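Going down the list, the sequences are from chains Y and C. The first sequence: position 198 = 198 (the UniProt record's numbering), numbered continuously. The second sequence: position 67 = 67 (the UniProt record's numbering), numbered continuously.
It should be emphasised that the hints constitute simulated quantities derived from the structure, not laboratory data. Be aware that a few hints might be false.
Copies of the same chain are indistinguishable here, so a pair counts whether it falls within one copy or spans any two.
Pairs of lysine-lysine, DSBU-like flavour, derived with a Cα cap of 35 Å [what the hints assert, rightly or not]:
no., residue 1, residue 2
1, Lys66, Lys120
2, Lys74, Lys120
3, Lys223, Lys47
4, Lys66, Lys223
5, Lys19, Lys66
6, Lys35, Lys47
7, Lys47, Lys19
8, Lys223, Lys74
9, Lys120, Lys184
10, Lys35, Lys223
11, Lys47, Lys115
12, Lys19, Lys120
13, Lys115, Lys19
14, Lys35, Lys184
15, Lys223, Lys19
16, Lys115, Lys35
The structure presented is a predicted model; accordingly, all values stated were derived computationally and were not measured.
Number of protein chains: 2
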Amino acid sequence: MEKENQQKLQSTSNVHLTKPIRCIVKLGGSAITCKNELETINEENLKTVSRQLRQTMMVSDSSCGKVLGMDWSKRPGFTETSCVVDDFCDQPALDFSHFMVVHGAGSFGHFQASKSGVHKGGLNRLLVKAGFVATRISVTSLNLEIVRALAREGVPSIGMSPFACGWLTCERNIASADVSMVAKAIDSGFVPVMHGDAVLDAAQACTILSGDVIIRHLAEQFKPEFVVFLTDVLGVYDRPPTEPNAVLLREIEVREDGSWSVVKPTLENMNKQVEITVAAHDTTGGMVTKIS
Amino acid sequence: MEKENQQKLQSTSNVHLTKPIRCIVKLGGSAITCKNELETINEENLKTVSRQLRQTMMVSDSSCGKVLGMDWSKRPGFTETSCVVDDFCDQPALDFSHFMVVHGAGSFGHFQASKSGVHKGGLNRLLVKAGFVATRISVTSLNLEIVRALAREGVPSIGMSPFACGWLTCERNIASADVSMVAKAIDSGFVPVMHGDAVLDAAQACTILSGDVIIRHLAEQFKPEFVVFLTDVLGVYDRPPTEPNAVLLREIEVREDGSWSVVKPTLENMNKQVEITVAAHDTTGGMVTKIS
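Extracted from the complex, chain Y is given alone in its bound form:
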C-alpha cells in the first residue's frame, strides 16, 4: 500500500500538462544509425522516420501539403540558409498531438563509453573522465542530427540532454529526474528529443543512462496513450529475432497495475519465455500502455 502511494506521488509530481501525451516514440539506435560503421547515420531511414512521425503527429494540416522546414542552418556547400520566411507568412502554429522522442545511441557513444568504462564509474581516473566527455560529445552530436532531421520535416523538435536536465542516478538507477521542463516544452507545442547519455551517479560518480530506462521513467511520469519502439526489426519477439522459430508478438496488453500479457498470437506456455527475454532487455515494467 505504501509503495502504491509512493508510486502515485512520483507519477504525478512535476507533471502539469494541458492535454495528455499521445505518444512517446523510441528511435532505436540500430534503426537510425549504421550499427557497424562508427558514428554514421542511416540518413535514408532517419528521413523516412521523420516524415512518418510528422504525419502521425499532425492533427490538422493547414499548410496545404507543403512542408515548412525548421532547420535554417547553412547547408554544406552553400553560404546562405534554406529558410524561406515568406512561406510561413502569418500561419498559426500547427496543431500537433503531444509527442516526444527518445533515441538510442547506435554507433554513437558506445565506442567511447566502452573503451573508458564510463558505465562502471570512477571519475578520479583521467581515462574515465575523458571517456565521459567523449561519450557526451558523441551522443549529443547524434541528438543534434536527429533534431535537425525532424525539423527539416517540419517537426518542432527540441534537443534535451538528460545530463543538462539534471537527471542523476544512484547505483545506476534513476535517483532524480525532474520532468517539469520536458512538460513545459511539450505544453509550449514542441517535441522534446531526449537520448541515452552519460550522467553523474551518487554512488559511483558516473554511469550511462540508457534510452530504455529514460523511456520507462517518462512513461511512468506522463502515462502516454502509446509507447512506440521503432527498431531495425519488426517488433517485439518472444526470443532474439535472429533465432529460428522466433515469434513476433503482435499485441501486448499492459494493465494499470503494470502486469502484462501477450494478446496475439495466443500460444500456450509462451508467456514465461517472453517474460525472460523482454526483462533481459529491460524495456518492460509498468511502463507501456500499448506497444504498437
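Let chain Y serve as the given structure and place chain C on it in line with the hints.
Showing chain C alone in chain Y's frame:
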C-alpha cells in the same frame, strides 16, 4: 536592507561547491566565429583560446606536456577515432581550478532569431515557433563545436543549454535559473559550457537569453574570483573602440556592494562617460569581481 537580504538569499541558494570557482570565461561570439560569414567558426582563434584556457586552468601538469584529447569522435575522412586509450593508462584526473565557460552566438543563431522575431515572443505563430527551433539548432551546433575544440585540447568540457537546464524568463528577465546542476558538474571536475539560447518566457511565451545575462546570473550565484571577457577587441573601452580617442580601461575595480570605478588609467571626468557606455552593453552590475 531588505534588498540586501534578498540578494544574499538568492546568491547562496542551490550552490554547493567544494571549492570556489576561480573564473567564469565569456567567449565573445565575435572572437570565435567569423561575424560576417553565416555559421562559420574562426577555427584558428578557437584553437588558440582553447589551448590558453587549458594552460590557465591547470594547477599541476602530470601529463609530461602531452595533451590528452577528450574528443574521440570520428574525424572527417577517417573511419576510426583519434583516441589512444593507452596514453591515459592509469593517470589520475588532472587538478584543474574550477572554471566555467559561457559563449555568445556570433554568426550562429542571430539570423534565425531576427528573421522570426523569437525575442519578441508569440509561439502561437508558426514563424516564431519555427524560428525558435531553428535558433536552438544553430546555437547548439556552435556549442557542440566549442565543447569539441576545448576537449581536443584536454579540457573536460560539458555542454549545458540554458533551455534544457530549465532556465526561464518573465518579460525577458531571468525568472528561474537553477544552477545546482552546473555546480554538480563543476564539483565533479568538469568545465560546463553554456551559451546564449532561446528560452520559454512566462509573459510572452519565448525570448532570447543572451550570454551576457547568463554571465551576470552565474557571477551573482557563484561569486567567482574572476570574470574574463574574451572578445575581438583588446578589452573594455570608454566608448566603442572603433571611435577615435577610445581609451582602453586597463583595470576596473568592483566593490562588494556592486559599485565600481576605473583604476587605470586614472583620468578625471572619464568615469561618467564610461558608465553610460558599459551600461548600454548590459555587461555590468554587481557581477564582476574583476575584469582581467
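Consistency of the hints with the structure:
1. In this assembly of identical chains, the alpha carbons of Lys66 and Lys120 lie at most 35 Å apart only when taken from different copies (26 Å versus 48 Å within one copy).
2. Proximity of Lys74 to Lys120 under the C-alpha cut-off of 35 Å is restricted to the inter-copy arrangement: shortest distance 24 Å between copies versus 40 Å within a copy.
3. For the homomeric pair Lys223 and Lys47, the shortest alpha-carbon distance inside one copy (28 Å) is at most 35 Å, but the shortest distance between copies (46 Å) is not.
4. In this homomeric assembly, Lys66 and Lys223 come within 35 Å of each other (Cα to Cα) only inside a single copy, at 33 Å, whereas the closest approach across copies is 51 Å.
5. With identical chains, the CA atoms of Lys19 and Lys66 are at most 35 Å apart within one copy only, with a shortest distance of 27 Å there and 55 Å across copies.
6. Proximity of Lys35 and Lys47 under a CA criterion of 35 Å is satisfied in both settings, with 17 Å inside one chain copy and 32 Å between copies.
7. Taking identical chains as interchangeable, the C-alpha atoms of Lys47 and Lys19 lie at most 35 Å apart only when both belong to the same chain, with a minimum of 28 Å there against 47 Å between chains.
8. Proximity of Lys223 to Lys74 under the C-alpha cut-off of 35 Å is found in neither arrangement, the shortest distances being 38 Å within a copy and 38 Å between copies.
9. In this homomeric assembly, Lys120 and Lys184 come within 35 Å of each other (Cα to Cα) both inside a single copy, at 33 Å, and across copies, at 19 Å.
10. For the homomeric pair Lys35 and Lys223, the shortest alpha-carbon distance inside one copy (31 Å) is at most 35 Å, but the shortest distance between copies (46 Å) is not.
11. In this homomeric assembly, Lys47 and Lys115 come within 35 Å of each other (Cα to Cα) both inside a single copy, at 31 Å, and across copies, at 26 Å.
12. In this assembly of identical chains, the alpha carbons of Lys19 and Lys120 lie at most 35 Å apart only when taken from different copies (26 Å versus 39 Å within one copy).
13. Only between protomers do Lys115 and Lys19 lie at most 35 Å apart by alpha-carbon distance; the minimum there is 31 Å, versus 43 Å within a single protomer.
14. Taking the shortest alpha-carbon separations for Lys35 and Lys184, both the intra-copy value of 34 Å and the inter-copy value of 33 Å come in at or below 35 Å.
15. Taking identical chains as interchangeable, the C-alpha atoms of Lys223 and Lys19 lie at most 35 Å apart only when both belong to the same chain, with a minimum of 12 Å there against 41 Å between chains.
16. In this assembly of identical chains, the alpha carbons of Lys115 and Lys35 lie at most 35 Å apart only when taken from the same copy (17 Å versus 39 Å across copies).
Checked against the numbered hints listed earlier, the structure breaks hint 8 alone; every other hint is satisfied.
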